[in-house]
Amino acid sequence: MTMLGFLTPQTRNVKVFIQVFIPTTRHICSSANCQSEEYVRKFILENTEIAGQQSLTPQVKLRLFTPNCRFWRERPELWPFEDPYWAIYWPGGQALSRFLLDNPAVCRGKTVLDLGSGCGASAIAAKLSGAAHVVANDIDTVAAVATHMNCELNGLPPPVCLTNNMIGSQPEGFDLILLGDMFYDEALATSLHSWLDRCIKTHGTKVLIGDPGRAQFEEHSIRRLLHQLAEFELPKSVREENYGLTCSSVWCYRPEL
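Counting in the numbering used here, the sequence shown runs without a single skipped number right up to 273 at its last residue.
These are computed hints drawn from the structure, not numbers from a lab.
Glycine is no exception: its CB is placed at the ideal position from the N, C-alpha and C atoms.
All clues stand as given, with none of them false.
Listed below are the simulated SDA-like cross-link pairs for lysine to any residue, each with C-alpha atoms no more than 25 Å apart in a straight line:
hint: 1; residue 1: 222; residue 2: 181
hint: 2; residue 1: 222; residue 2: 204
hint: 3; residue 1: 222; residue 2: 186
hint: 4; residue 1: 217; residue 2: 239
hint: 5; residue 1: 126; residue 2: 188
hint: 6; residue 1: 222; residue 2: 247
hint: 7; residue 1: 217; residue 2: 127
hint: 8; residue 1: 217; residue 2: 124
hint: 9; residue 1: 126; residue 2: 270
hint: 10; residue 1: 217; residue 2: 187
hint: 11; residue 1: 77; residue 2: 56
hint: 12; residue 1: 252; residue 2: 75
FRET-style restraints, in silico, Cβ to Cβ:
hint: 13; residue 1: 94; residue 2: 218; range: 41 to 47 Å
hint: 14; residue 1: 172; residue 2: 260; range: 30 to 36 Å
hint: 15; residue 1: 120; residue 2: 185; range: 27 to 33 Å
hint: 16; residue 1: 186; residue 2: 84; range: 41 to 47 Å
Sequences and hints are given; from them, build the entire structure.
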């Protein structure tokens, strides 16, 4: 499978996308201009479409890959950046964003961290729900630019975007941490488990997790410490793009369980 001929009728599913995509050349442009925000913005504008209407949050506009986009079919070696996970609105993030919009009191007046923020949808939902301060964290610098652009699409000032790896860092005083689709790898899930425990013990942080029930999530020891808050049936188009997954849920992490 190739990622940039990814999401073809034969390969359009989340599990294969996450587990198999290893591009042959990750960076073909090494000039400073290639990495400038102006260059990245132009590239995103030319290679994505405004989408989201067929998601769980049709009121949120996002720049994403669609079948009309060049890199829906293109050879992976032509992609000039890191793996474009930000260009897909993943089902866990959809459920998390829907939950926040349906329950704005969860965010209202809070300081919120959207960890592994991708396209920034959950950060946008937190802003729309009245969060006092929102930080979007993704180690891909292109995701930070995409998040700024998506906030602009929705008439919102951008959140603070951080691109350092916060997992394992000294916990900051966030009221709420959001994690959508972050439990796709066992090692990552284990490091998250340890770090989230520290955040909760240090600051009393509340943690919400969105996941459609991937095996790495369901089989990890953290699963027994979660309390389900909501379950959403995925729209037809999202089910088709996600290996037949039908639902996505939101969980509250409660290590005292």
